[in-house]
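> Sequence:
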Amino acid sequence: MRSLVGLAAIVAAASVYLYLLSTHLPPGPKHVQSDSAGEEVQEFRLKFPSDLDELRELAEMLKFYKTEHHGYVLLLFCSAYLYKQSFAIPGSSFLNMLAGAIFGPWEGLVLACLLTTSGSTFCFLLSSAFGKQHVVQFFPEKVALLQRKVEENRSSLFFFLLFLRFFPMTPNWFLNITCPVLNIPMPIFFFSVLIGLIPYNFICVRTGSILSKISSLDDIFSWGTLAQLLAIALMALVPGALIKRYSKTHLKVDGMDSNGQAEIKQDRKRR
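Taking UniProt numbering, the leading residue of the sequence shown gets 1, the next gets one more, and so forth.
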């Protein structure tokens, strides 16, 4: 019970901090909405984007602030990213695209990689301090499957974790909260996240950088845009192909599907 209270207190404190940070932006652009009575001018409200339209709208506003308040926008973005990653909240792909749209492809990629690794490490530490017993209680079969696979690949543990990051048979957030239960050393966890998520971050950041420059559907299907997206996909596939080739001879990942449930189903049939 104490662990849940402690975790709730941390989540509450982080939520208050992020709320105060997002509500103290300097005066910015107005958002115009049309209704039956005419046009109504409203202040733009910050929120996590849930689709591409919201993403582009948020990116345009933050780029406006960035010209005069670069440090504040950077702090706000880093805080929001770490909040999502630390508490295993889905939606990192939108934030990665937002990084590309606001900060550009290279600065955005560096930011995304550092924040993904830092946030995942915070999630690892929170799980280690407050949630070990709860992870096992709520996901006993998945934890048992991962435990078996970790023991089978103990001699190549780093590459096994890289494989799981490149080919997400288990969601990244679940790996973050489960690794403390599996007694994964912190350095191995840290560098497996840093290196293993580079292709994913690269795709999202570059896509966000491209989408921020698109003003119509015709731009999406232009030869230049399609060529850039194809190049991004090819560059991201190369590391994954190398890891997959290595896994065939050095790793034991048979029995795991995209949800990590294949081996569990087989065990039930045997019983």
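I should point out that these hints are in silico values taken from the structure, not numbers from a laboratory. Heads up, a few of these hints could be off.
To be verified - With a straight-line Cα cutoff of 20 Å, these simulated DMTMM-like cross-link-like pairs (lysine to aspartate or glutamate) come out:
(1) K142 - E107
(2) K63 - D51
(3) K213 - E54
(4) K132 - E151
(5) K84 - E68
> With a cut-off of 20 Å on the C-alpha distance, tell me whether K213 and E54 pass.
holds, 15 Å
> K142 and E107 were given as a pair; does the straight-line alpha-carbon distance stay at or below 20 Å?
Distance ~36 Å between K142 and E107 Cα, so the pair is violated.
> Given the hinted pair K63 and D51, is their Cα-Cα distance within 20 Å?
With Cα atoms ~18 Å apart, K63 and D51 stay inside 20 Å; holds.
> Against the 20 Å threshold, does the CA-CA distance of K84 and E68 hold or violate the hint?
Judged against 20 Å, a Cα distance of about 26 Å means the pair is violated.
> Holds or violated: K132 and E151, Cα atoms, limit 20 Å.
Distance ~18 Å between K132 and E151 Cα, so the pair holds.
Comparing the model with each numbered hint stated earlier shows that hints 1 and 5 do not hold.
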